[in-house]
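The task is simple: from the sequences and hints, build the whole structure.
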Amino acid sequence: MAENETLESITEHERILQEIESTDTACVGPTLRSVYDDQPNAHKRFMEKLDARIRNHDREIEKMCNFHHQGFVDAITELLKVRADAEKLMGQVTDTNQRLQEAGREVTTQTEEVIRCRIQQRNMATTVEKLQLCIPVLEMYSKLKEQLEFKRYYAALKTMEQLENVYIPRVSHYRFCQIMAETLPKLREEIKDVSMSDLKDFLESIRKHSDKIGETAMAQWAKAGTLLVASTTGERSEERGDRETFENYYRKQRKKQARLVLQPQSNMHETVEGYRKYFNQIVGFFVVEDHILHATQGLVTRAFTDELWNMALSKIIAVLRTHSSYCTDPDLVLELKNMIVIFADTLQGYGFTVNRLFDLLFEIRDQYNETLLKKWAQVFRSIFDQDNYSPIPAETEEEYKSIVCRFPFHDAEIEKQAFPKKLPMSHSVPQIYTQVKEFIYASLKFSESLHRSSTEIDDMLRKSTNLLLTRTLSGCLQNLIKKPHIGLTELVQIIINTTHLEQACKYLEEFITNITNVSPETIHTTRLYGLATFKDARHAAEGEIYTKLNQKIDEFIQLADYEWGMSESDGRASGYLMDLINFLRSTFQVFTHLPNNNNDHAAMSGKVAQTACMSACKHLASSLMQMLLDPDLKQISLGAIQQFNLDVIQCELFASSEPVPGFQGDTLQLAFIDLRQLLDLFMVWDWSTYLADYGQPSSKYLRVNPSTALALLEKMKDTSKKNNIFSQFRKNDRDKQRLIETVVKQLRSLVNGMSQHS
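Counting from 1, one number per residue, gives the positions in the sequence shown under the working numbering.
Bear in mind the hints are in silico, worked out from the structure with no lab data behind them. For glycine and all other residues, C-beta sits at the position ideal for the given N, C-alpha and C. Hints may contain errors.
Said to hold, decoys possible - With a Cα cut of at most 30 Å, we get these calculated DSSO-like pairs of lysine-lysine: (1) 745 / 700; (2) 277 / 416; (3) 88 / 63; (4) 445 / 315; (5) 548 / 607; (6) 607 / 618; (7) 401 / 482; (8) 482 / 422; (9) 81 / 63; (10) 463 / 506; (11) 506 / 482; (12) 416 / 483; (13) 717 / 634; (14) 130 / 143; (15) 192 / 256; (16) 186 / 252; (17) 715 / 634; (18) 618 / 548; (19) 535 / 422; (20) 535 / 463; (21) 618 / 634; (22) 552 / 607; (23) 463 / 482; (24) 158 / 186; (25) 401 / 315; (26) 422 / 401; (27) 315 / 374; (28) 618 / 483; (29) 151 / 256; (30) 437 / 548; (31) 192 / 143; (32) 277 / 252; (33) 535 / 483; (34) 607 / 483.
Unchecked claim - Between beta-carbon pairs, the in silico distance windows are: (35) 547 / 378: 25 to 35 Å; (36) 547 / 688: 35 to 45 Å; (37) 559 / 653: 17 to 27 Å.
As structure tokens, then:
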């Protein structure tokens with residue numbers, strides 16, 4: 001049993017030794033541990049086994065050494081031989097090394113110098129590279145300081161933005177850059193404060209100088225149509241700090257200033273300077289706005305400027321519309337128009353829309369025309385007041401030519417006459433014609449520079465001229481005709497004058513055509529219809545002639561002083577009536593002055609004279625009839641009837657004497673036919689014939705109305721008056737009295753029958 005254990009132990013120890021010999025020393029630990037983990041005292045036996053193995057290996061080593069010993073000895077011998085050569089070689093190598101070291105020492109020194117230079121070069125290149133990054137930062141910072149020193153704050157802010165966003169981030173690890181970065185916000189705040197102060201000063205400055213800027217702008221635009229705003233304005237307009245704060249503040253303040261600028265003085269309409277100052281302030285305001293719009297970014301925008309302009313334009317139009325309506329001086333309105341044109345053109349040159357201003361000018365044009373019409377109304381009245389209403393005398397050829405140069409008058413008959421001679425019209429005619437041309441010139445002045453075509457201008461001139469003729473001149477003529485001091489002679493001359501003015505209208509047409517170069521044959525061209533003015537004036541003058549004649553007749557009639565109870569007539573016509581007839585004769589001689597050098601004038605002359613004469617005779621007859629039938633006249637004697645008959649005879653003689661040529665037969669005498677038949681009836685006492693033929697077309701007393709005969713017969717009845725015609729009838733024949741009563745009854749019957757029939 002012990003032997004078996006010993007064999008096993010030996011076998012195990014052999015295995016362990018093999019493992020130790022073949023295993024890496026790093027892993028021999030577990031193998032050795034197994035020696036101690038076996039049977040007790042096993043390690044002693046293992047050590048014995050190990051020693052035996054070592055001795056065995058030693059013997060093998062010794063055998064190996066003995067086998068190679070001779071070779072080793074030979075090698076040592078050879079090595080000893082080489083030793084001397086090696087020592088000699090070592091000496092040579094040492095000497096060579098020494099010489100090499102001495103020779104290389106200089107090279108080494110130079111090499112070290114080169115290395116040092118290379119290092120310096122590299123350091124310099126690095127330094128230059130870093131400086132290239134830093135220098136722009138320093139330069140920008142220096143530029144910033146300079147800009148701040150010269151108060152160019154907008155540029156300084158742009159420099160700050162570049163420093164913060166571009167330059168400083170490249171070298172932010174340097175301390176000086178960190179200091180810069182910490183300083184910039186403080187500088188920005190300082191700029192903001194200073195800029196705000198300067199902005200306020202700037203706003204105040206441009207508010208004060210807007211009128212001067214505007215005056216310069218409008219003056220230069222009027223000359224050349226262009227303008228450059230002073231660079232200082234643009235520079236100051238760039239000054240700002242915080243964008244949003246400054247933009248809001250600027251826009252708010254400018255809106256306030258705009259409202260102040262747009263507020264006119266209450267008496268602006270009284271002088272040209274009032275309007276000029278108003279326009280200058282507005283132009284200056286918007287010229288500054290436009291320059292700031294183009295010289296800065298963001299402070300103002302086109303939308304903001306347009307909004308401000310549209311607000312201003314509405315206010316401007318309202319102001320001008322109101323104040324222009326107060327203007328009564330056409331020269332001031334014309335000045336206003338010229339300023340509005342320059343004002344509009346100037347602002348249009350800066351890109352502002354001004355169409356509404358030109359539309360306003362058409363409204364103001366109507367106002368201008370109204371002021372012109374009022375001014376020319378005074379001119380016309382003055383001309384009429386100073387006229388003597390007599391034909392214009394021309395003593396010499398020069399005087400004649402001076403008249404026809406001012407007025408288009410051509411008359412072959414008058415031109416053939418020797419000097420001195422007279423033109424049919426009075427002095428007011430050429431003066432009126434000249435003033436109408438002056439009015440056309442004045443009206444044309446407003447149409448200039450309105451950017452309108454010749455056709456439009458021609459239409460404006462013709463319309464305004466028509467207004468002058470149909471309203472202003474017509475009104476002046478109508479007022480002139482109605483004036484108390486205008487007598488029949490003056491009225492006749494007015495008829496002559498209006499005839500020549502009417503004929504001159506075609507020359508006014510030519511005058512306008514020459515000004516506008518627009519043919520009157522052009523479609524839609526307004527024609528002068530003012531000639532109706534002169535026709536109306538002639539009709540009014542003719543009517544006034546008839547009225548004044550009748551008034552004069554009434555004045556003479558009022559002088560009549562009949563003795564209605566007279567027993568017999570004086571045998572001659574009454575004095576007042578003879579004076580009246582003499583007046584009528586001399587008056588109708590005036591009508592010989594009417595133009596009669598052509599058929600038209602002759603026809604007009606005859607018509608007016610005939611109508612006037614017929615009207616006068618009818619009015620005279622009517623007045624005499626009313627005198628007989630006056631209700632206040634209670635009694636009329638036969639003697640009074642006889643006296644009245646003598647006066648009517650004079651009237652009939654006047655009518656038959658052809659005071660005005662052209663009447664056919666006894667046309668004029670027929671004005672007195674009612675009186676004649678009535679007086680014949682009473683003078684002849686032909687009642688039987690009257691009553692028998694009453695109602696017959698062939699009646700001798702056809703024009704005698706029964707009521708008229710009855711009224712007059714009632715006045716002649718005997719009512720205890722001695723001189724009554726019927727008193728002698730009672731003495732001579734009472735039958736005749738009964739006849740009278742019968743006539744009265746029959747007349748009353750006729751009157752009653754007429755009333756029932758009617």
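We went through each hint and held it up to the structure:
1. Our distance criterion of 30 Å between C-alpha atoms is met by residue 745 and residue 700, whose separation comes to about 21 Å.
2. This hinted pair does not check out: residue 277 and residue 416 have alpha carbons roughly 62 Å apart, beyond 30 Å.
3. Between the alpha carbons of residue 88 and residue 63 the distance comes to roughly 39 Å, so the proposed pair goes past 30 Å and is violated.
4. This hinted pair checks out: residue 445 and residue 315 have alpha carbons roughly 27 Å apart, not beyond 30 Å.
5. Taking the CA atoms of residue 548 and residue 607, the gap is about 17 Å. The hint holds against a cut of 30 Å.
6. Proposed proximity of residue 607 and residue 618 is supported: the alpha carbons are some 16 Å apart, at most 30 Å.
7. Between residue 401 and residue 482 the CA atoms are separated by roughly 33 Å; this puts the pair beyond 30 Å, and the hint is violated.
8. Between residue 482 and residue 422 the CA atoms are separated by roughly 27 Å; this keeps the pair inside 30 Å, and the hint holds.
9. For the proposed pair residue 81 and residue 63, the alpha carbon gap of about 29 Å is at most 30 Å, so the pair holds.
10. Taking the CA atoms of residue 463 and residue 506, the gap is about 15 Å. The hint holds against a cut of 30 Å.
11. Between the alpha carbons of residue 506 and residue 482 the distance comes to roughly 28 Å, so the proposed pair stays at or under 30 Å and holds.
12. For a cut-off of 30 Å, the pair hint linking residue 416 to residue 483 is broken: about 37 Å separates their Cα positions.
13. For the suggested pair residue 717 and residue 634, the alpha carbons sit about 10 Å apart, so the restraint of at most 30 Å is met.
14. About 20 Å separates the Cα atoms of residue 130 and residue 143, which keeps this hinted pair within 30 Å; it holds.
15. Of the supplied pair hints, the one linking residue 192 and residue 256 holds, its CA atoms being roughly 22 Å apart against a limit of 30 Å.
16. Simply put, residue 186 and residue 252 have alpha-carbon atoms about 27 Å apart, close enough for the 30 Å limit, and the pair holds.
17. The straight-line distance between the Cα atoms of residue 715 and residue 634 is roughly 5 Å, inside the 30 Å bound, and the hint therefore holds.
18. With a C-alpha separation of about 14 Å, the suggested pairing of residue 618 with residue 548 holds against the 30 Å cut-off.
19. Between residue 535 and residue 422 the alpha-carbon distance is near 24 Å, which keeps this suggested pair within the 30 Å criterion.
20. Between the alpha carbons of residue 535 and residue 463 the distance comes to roughly 19 Å, so the proposed pair stays at or under 30 Å and holds.
21. A distance of roughly 25 Å separates the Cα atoms of residue 618 and residue 634; the hinted pair therefore holds under the 30 Å criterion.
22. Distance restraint check for residue 552 and residue 607: the Cα-Cα separation of roughly 21 Å lies within the 30 Å cut-off, and the hinted pair is therefore satisfied.
23. A C-alpha spacing of about 28 Å is found between residue 463 and residue 482, which places the hinted pair at or below 30 Å, so the restraint holds.
24. Distance restraint check for residue 158 and residue 186: the Cα-Cα separation of roughly 15 Å lies within the 30 Å cut-off, and the hinted pair is therefore satisfied.
25. Of the pairs offered as hints, the one joining residue 401 and residue 315 is violated, with about 55 Å between alpha carbons and a cut-off of 30 Å exceeded.
26. Straight-line distance between C-alpha atoms of residue 422 and residue 401 comes to about 13 Å, which keeps the hinted pair within the 30 Å bound.
27. For the hint linking residue 315 to residue 374, the alpha-carbon distance of about 29 Å falls within 30 Å, and the restraint holds.
28. Taking the CA atoms of residue 618 and residue 483, the gap is near 25 Å; set against the 30 Å cutoff, the hint holds.
29. A C-alpha spacing of about 27 Å is found between residue 151 and residue 256, which places the hinted pair at or below 30 Å, so the restraint holds.
30. Restraint check for residue 437 and residue 548: not satisfied, since their Cα atoms lie roughly 34 Å apart, outside the 30 Å limit.
31. With a C-alpha separation of about 18 Å, the suggested pair residue 192 and residue 143 falls inside the 30 Å cut-off, and the hint holds.
32. Proposed proximity of residue 277 and residue 252 is supported: the alpha carbons are some 24 Å apart, at most 30 Å.
33. Note on residue 535 and residue 483: the hinted pairing holds, with a Cα-Cα distance of about 19 Å set against a maximum of 30 Å.
34. In summary, the hint linking residue 607 to residue 483 is supported, as the alpha carbons are separated by about 24 Å, within the 30 Å threshold.
35. Distance hint for residue 547 and residue 378: a CB-CB separation of about 27 Å, consistent with the stated range 25 to 35 Å.
36. Between residue 547 and residue 688 the CB atoms are about 43 Å apart, so this pair conforms to the stated range of 35 to 45 Å.
37. Taking the beta carbon of each, residue 559 and residue 653 are about 20 Å apart, inside 17 to 27 Å as hinted.
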